[in-house]
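> What follows is each chain in one-letter form.
Protein chains: 2
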Amino acid sequence: MEYLEKLIDRIIDRVNVNLRKPAFDAGIYIRHIIPLEQFSRFYAFYALTLHHPLHFHFTHSSVAGSYFLGKCIVDHSVLYKNDVRGDELKARGDIFKFENLEIPLHDDEVIQIRDSFLIMNLIHNHSHDPERPEEFFIQNTASMHHANIHGSPVEGSFLGPFSTIDFTMVHDCVIGTYAYVQTDEISHRFIEAGQVWLNSNLFDFSYRFPEETLKRYIHLEPGGKPTGIFMDFAERRKDDFQRVFEMVQSGSAVPVPQGASLSRYAVVKGKIEIGENVLVAQRAYLENACLGKGSNAQENSYILNSRLEGHNIGAHGAKVIDARLGEKVFVGFNSFLRGMRESKLGIGAGSIVMPHTIIHLEEPLEIPERQLIWGFIGNRRDLEQNSLSLDRLASLTGKLEIGSMRFEGSGSAFVEAFTTRIEHILEANGAYFDGVKNRGHAQQVRNISFNTIQPYPEGALKGLYPTIDIRP
Amino acid sequence: MEYLEKLIDRIIDRVNVNLRKPAFDAGIYIRHIIPLEQFSRFYAFYALTLHHPLHFHFTHSSVAGSYFLGKCIVDHSVLYKNDVRGDELKARGDIFKFENLEIPLHDDEVIQIRDSFLIMNLIHNHSHDPERPEEFFIQNTASMHHANIHGSPVEGSFLGPFSTIDFTMVHDCVIGTYAYVQTDEISHRFIEAGQVWLNSNLFDFSYRFPEETLKRYIHLEPGGKPTGIFMDFAERRKDDFQRVFEMVQSGSAVPVPQGASLSRYAVVKGKIEIGENVLVAQRAYLENACLGKGSNAQENSYILNSRLEGHNIGAHGAKVIDARLGEKVFVGFNSFLRGMRESKLGIGAGSIVMPHTIIHLEEPLEIPERQLIWGFIGNRRDLEQNSLSLDRLASLTGKLEIGSMRFEGSGSAFVEAFTTRIEHILEANGAYFDGVKNRGHAQQVRNISFNTIQPYPEGALKGLYPTIDIRP
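So the protein sequences, as listed, match chains G and X. 1 is the number of the first residue of the first sequence in my numbering; add one for each residue after it. 1 is the number of the first residue of the second sequence in my numbering; add one for each residue after it.
Honestly, the hints are just simulated from the structure, not real lab data. As the structure is a prediction and not an experimental result, all values here were calculated from the model. Keep in mind that the hints are not guaranteed to be accurate.
Copies of the same chain are indistinguishable here, so a pair counts whether it falls within one copy or spans any two.
As the list claims (entries may be wrong) - Within a straight-line C-alpha distance of at most 25 Å, the following computed SDA-like cross-link-like pairs (lysine to any residue) qualify: (1) LYS437 x GLU458; (2) LYS225 x ARG10; (3) LYS462 x HIS57; (4) LYS462 x THR49; (5) LYS269 x ARG243; (6) LYS462 x PRO472; (7) LYS90 x ALA460.
Assemble the whole structure, with the sequences as input and the hints as a guide.
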């Protein structure tokens, strides 16, 4: 495995040189986090479809994980159980709009991963970077367990476990554990653990989890492994995924109606109902779940003992347990909603659960319709400090503080931005397919071939993959 | 599937133009032999190991099958459930000896398949062609079910079902159903069905199966599918293979001792005993079988309800059912040995069952030690007409006719050639491994990664594969 060890050392140096001010050592976090032996035990998948341009290229890397759709190049990197999805990458000839500019693309956009170490990350779709619109790059970056890299080119950075960078260009930053950032661009910033921050030229939203609360759910000590409820939850369900990844082909155990799709790389247990136009992505986990028409369970989302009324979004990494979600409830990235077995968490129609929200009930709770919900909620009192009606927010301009949430700017712009994004996600996922028009992912991913690739099983190259190039 | 149809048409034209004298139409045989839909249902495997140079390159082709070890390039071809094994390909720097010449290789040898249509063929190891020693080519060729292309470059030819070309250069020939050819080079020849022919500058051996007998075992009408006992036998066991190919990884159900290896792509049923240094290759089929020390069951061989004493060779496509084989019994390519359930066929130590031999007992039979066995044997009387003691053969020069077998030349050279080849096979397969020295395939294939690749699932490219290039 000597090449793999050297490669990891080299990536650490490249991350550290970017993070030299303030001196940050990525090595402490990543050097021993995955036992080297593991890199030769797992493998990679990639998908073949006619709906997306195809180019996979892997060199001098360990690339365990899944590569679904699109174009992806990985050089000199160590990837471990990642999920890379490029089905919304921009295409040659597309017009990229940025403020008043309209930039035509001279080539298909490609996900470029270089000199990086990524663990169980989700890497998703097109970059919002106007400077390099054809390239969604991740370079000189180390990223810990279950971070989401969503439309966010990133270089010279360290991303903590369960952090999310969302439509943001990130240069030379440390993004703390479970921190969420959505803004245009950040450089040389240190985002604290548990910080949730959305910023645009029209509004600024921020919240920070109390340190002791966050620690119970997810925590990372230098030199240690991530610990807490989030890790335990995923760990307990790991074997179920192992089983679905083991089969070269497999049929569906659950009836899938018109316009809907259930990935063969999703886990399905117990009683499942899937409505029309539902999208259940690879690496989603369903157990005793009812997904109403037009709902989606995205990659790494878990829906357990829950009912989703319809047009619900379970974003990447969202966990919904013992809950009832009304029509069009949105559950953001890496949120963790856990009702009580005997009294399910109810969330009223049209509510928005912000990315990185934890609801873990110690008493029964019904959240009304059209609420914005954030932070940590264990009971009714917490709910008052961590929610706000969307209608009230929409009427607001200026500053607002509720508990440790701070909002400034145009409330209507904020509500408008979220509503637009939710509609975009539903459209893109095919929730509005009428049998002819409004085709989206749910309709396009029904017929895909999957291939596997594996690392060298022994010797100096153990854990690395050969050079692989796949084109149409 | 329009591209696939065009590709098949084009291959037919290229084969036919080579076989224009006498006018032979490969199209009748191959155009509808595999329903087009099938090409999108199967997939390909290839193996990764440190013991062999690696290069797989597939373009404009359908490549279902397995690619184990070595280097293989496939262009503009349609392959269906083939097994391509390159672990004995020559390497750069090797000295290729041919008569008095010693030719140093300037590059690793590559299996090159171009403009060809191959169905369930075995394609194996290094070419004996002194003219192009770095290239084992198959081009402008159509080859039917279960043909063996063994170290035999072939161009512009048609190979019938269950035929074998063995260490022979074949140009513009038709090789009939179940015909076997081993000579230096043949051009513009039509080898009749059931012809078994070995020729060197020291001897000539030939035998031809009676037409009516052969028909029961394997037969191909123009425009039809191959029929007979051989096809039925394989067809009945197809689903067992389907199951082993479906798993990405799998453990062994059978204890595998020191120095032995059992491919995870072999079928294993009932009570199995595997001795030291045994090699059970991919696509071998074992059911209630005991394989003594140093034995091997090669690709497409079937060992059922049988005991192999030790150092036995079950060559590619050999079938051994209800039999006891003494020490060092050799069973050649595509031979079919079927004893009686209540009275197993016995074959004495050191006997050589020629390639393409059928023993199908209607009465109990014990074959003595050190016999050469060929042709069709159903009872004791047949045995007299289809066997000869090796010692008698070794003392012979000139001509000999027994039944429809004709031998001419040096008997000792013939016995010597076979003995040398058997020893070479045992050595190469690792039968003589002592824990340190004499390592062969059985010891080298224990640790291999397997990858799958699949065809386009729909659209104009349905059934074809993307362009794939894999290098170290």
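> Could you check the structure against the hints above and give me the numbers of any it violates, in ascending order?
none
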